[in-house]
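Student: For reference, the chains in residue letters:
There are 2 protein chains.
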Amino acid sequence: MEIQLQIKMNEKLFLRDPEQSELGKKIILHSIQLIHLNGFEAFTFKKLAEAIGTTEAGIYRYFENKHRLLIYLTAWYWSWLEYRVTFHTHNIKDPVVKLKMVIKLLATTVEDDISTRHVDESILHQIIITEGSKAYLTKRVSEDNKDHLFKPYKDLCAVIGNMILDCNTKYKYPKSLASTIIEMAHLQNFFMNNLPSLTDFGKNKDEAEIVLFLEDLVFSSLHSTQ
Amino acid sequence: MEIQLQIKMNEKLFLRDPEQSELGKKIILHSIQLIHLNGFEAFTFKKLAEAIGTTEAGIYRYFENKHRLLIYLTAWYWSWLEYRVTFHTHNIKDPVVKLKMVIKLLATTVEDDISTRHVDESILHQIIITEGSKAYLTKRVSEDNKDHLFKPYKDLCAVIGNMILDCNTKYKYPKSLASTIIEMAHLQNFFMNNLPSLTDFGKNKDEAEIVLFLEDLVFSSLHSTQ
DNA sequence: TTTGCAAAGATAGTGTTACTATCATTTACA
DNA sequence: TGTAAATGATAGTAACACTATCTTTGCAAA
Numbered sequence: 001m002e003i004q005l006q007i008k009m010n011e012k013l014f015l016r017d018p019e020q021s022e023l024g025k026k027i028i029l030h031s032i033q034l035i036h037l038n039g040f041e042a043f044t045f046k047k048l049a050e051a052i053g054t055t056e057a058g059i060y061r062y063f064e065n066k067h068r069l070l071i072y073l074t075a076w077y078w079s080w081l082e083y084r085v086t087f088h089t090h091n092i093k094d095p096v097v098k099l100k101m102v103i104k105l106l107a108t109t110v111e112d113d114i115s116t117r118h119v120d121e122s123i124l125h126q127i128i129i130t131e132g133s134k135a136y137l138t139k140r141v142s143e144d145n146k147d148h149l150f151k152p153y154k155d156l157c158a159v160i161g162n163m164i165l166d167c168n169t170k171y172k173y174p175k176s177l178a179s180t181i182i183e184m185a186h187l188q189n190f191f192m193n194n195l196p197s198l199t200d201f202g203k204n205k206d207e208a209e210i211v212l213f214l215e216d217l218v219f220s221s222l223h224s225t226q
Numbered sequence: 001m002e003i004q005l006q007i008k009m010n011e012k013l014f015l016r017d018p019e020q021s022e023l024g025k026k027i028i029l030h031s032i033q034l035i036h037l038n039g040f041e042a043f044t045f046k047k048l049a050e051a052i053g054t055t056e057a058g059i060y061r062y063f064e065n066k067h068r069l070l071i072y073l074t075a076w077y078w079s080w081l082e083y084r085v086t087f088h089t090h091n092i093k094d095p096v097v098k099l100k101m102v103i104k105l106l107a108t109t110v111e112d113d114i115s116t117r118h119v120d121e122s123i124l125h126q127i128i129i130t131e132g133s134k135a136y137l138t139k140r141v142s143e144d145n146k147d148h149l150f151k152p153y154k155d156l157c158a159v160i161g162n163m164i165l166d167c168n169t170k171y172k173y174p175k176s177l178a179s180t181i182i183e184m185a186h187l188q189n190f191f192m193n194n195l196p197s198l199t200d201f202g203k204n205k206d207e208a209e210i211v212l213f214l215e216d217l218v219f220s221s222l223h224s225t226q
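Going down the list, the protein sequences come from chains A and B.
Mapping to this note's numbering: the first sequence position 215 is 215, numbers consecutive.
Mapping to this note's numbering: the second sequence position 202 is 202, numbers consecutive.
Warning: the hint list may mix true and false statements.
[Unchecked claim] Derived list of chain B stretches under chain A, where covered just means 3 residues or more per stretch with a C-beta under 8 Å from a C-beta of chain A:
#: 1; segment: 71-84
#: 2; segment: 95-102
#: 3; segment: 136-146
#: 4; segment: 216-222
It is worth saying that the hints were derived from the structure and are not from the lab.
None of these values were measured; they are calculated from a predicted model.
Virtual Cβ for every residue (Gly too), placed ideally from N, Cα, C.
The task is simple: from the sequences and hints, build the whole structure.
Tutor: Shown next, in the form of structure tokens:
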């Protein structure tokens with residue numbers, strides 16, 4: 001049995017759906033590799049076209065510009081992560097166990113899990129750690145938000161927020177705590193590997209310790225009697 | 001009595017010290033305004049030169065490129081904030097009260113406080129919220145770190161980490177909690193104003209609520225019996 | 001079998017960005 | 001008054017971020 005996951009993306013994320021053609025899939029595959037290799041700033045459509053063996057104009061038929069492509073990749077990533085969260089927390093009754101699973105999924109490098117043909121999820125995960133926030137840290141954020149480009153991110157945050165409430169109905173900041181977990185799962189990973197003195201994980205560089213930190217943070221807040 | 005604050009910056013942050021000349025000070029003043037107005041991506045040395053009334057080449061004598069200028073601005077900001085933290089927590093004995101003061105300083109818009117002639121601190125604060133993380137989220141981060149360009153940020157983080165330990169010597173993640181507070185003070189503010197569904201502050205858009213959230217987060221962790 | 005049409009390929013062109021170089025002029029100050 | 005440093009003025013280049021147009025290919029309905 002081979003299962004293939006297909007994620008349906010908002011049409012405003014692209015000009016032409018990259019999932020619907022060979023060229024489109026190549027754009028996704030190679031853009032992930034190139035961004036990972038040189039970083040988003042050094043990434044250009046010209047280099048991407050050369051890597052694929054097509055021309056710049058060809059890429060522009062799929063994506064307005066490289067920033068839109070980044071938004072597409074992040075949206076895809078968050079959709080995929082929400083699916084993984086749903087999948088891996090299914091049948092878990094205890095909300096605490098559930099939330100621990102989510103923290104683990106957020107903060108741990110993906111092995112081959114639920115996979116897709118044309119996306120390398122573990123490299124994409126690395127990209128989102130370094131480049132993900134650049135998708136929304138712009139002057140255009142409100143317009144892009146109106147086009148629902150960040151919906152997958154907000155949906156995931158809402159799902160986690162609800163799980164937090166399942167642990168403690170009286171907790172006052174479920175959404176902020178959810179976005180804090182999501183962002184910190186990535187940022188502590190970046191710091192651990194690049195600016196280790198900003199973390200307590202520099203010695204072992206072990207993702208498992210980030211999980212422990214986040215668990216302590218979350219469940220202290222949720223069990224607090226303050 | 002008029003007090004002027006002068007912050008001594010690492011020499012690797014610039015080619016020529018902008019604090020030492022009128023042109024240099026104009027570069028700082030106007031770059032802050034322009035980045036705030038159009039965002040860092042749309043900011044160019046040409047536009048900056050036009051705003052100042054000098055030429056591109058003139059700017060390049062002070063800063064290698066716009067990314068270095070951003071690093072300079074962030075480094076200045078974190079140095080200034082560390083000074084404010086030291087100043088405002090001085091003479092406070094209770095470590096909990098001290099840490100609460102820090103959270104307030106991090107998460108609240110600055111009014112005219114400890115001021116400098118050529119830097120608009122409240123606009124700079126806004127810039128750091130949106131653009132600050134772009135200073136280190138790059139492929140060059142390790143090299144830049146070797147040049148100590150992020151020292152002010154790391155110093156502030158260390159100071160806060162020690163205050164955390166003063167509250168609870170046994171707490172296991174002082175540095176990670178410190179970087180979490182710093183980053184979240186900014187990011188929750190950005191989300192509140194731009195992607196409010198990621199927070200619990202969308203209704204009132206009140207920074208004071210971010211302070212309460214962070215206090216709850218921090219002191220739950222530090223008083224936790226888990 | 002033809003026609004028709006969308007996707008992709010090929011090529012060219014434009015304005016802007018991110019620099020680098022050079023030389024003349026002003027300013028500071030010794 | 002002389003000299004060096006800072007600044008101003010101008011020019012130039014390679015890469016980037018697009019846009020336009022025209023041709024070719026493949027495939028499907030008439």
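Student: Does each hint fit the structure? Answer for all of them.
Tutor: Here is what the structure says about each hint:
Check result for the segment 71-84 of chain B against chain A: violated, 0 residues qualifying (beta carbon to beta carbon below 8 Å, three or more required). By the rule of at least three residues with a Cβ nearer than 8 Å to a Cβ of chain A, the coverage given for the segment 95-102 of chain B is violated, with 0 such residues. For the segment 136-146 of chain B, the proposed coverage by chain A is satisfied: 7 residues have a C-beta within less than 8 Å of a C-beta in that chain, meeting the threshold of three. Counting residues of the segment 216-222 of chain B whose beta carbon lies closer than 8 Å to any beta carbon of chain A gives 5, which reaches the threshold of three, so the coverage claim holds.
Hint compliance for this structure: hints 1, 2 are not met, and every other hint is.
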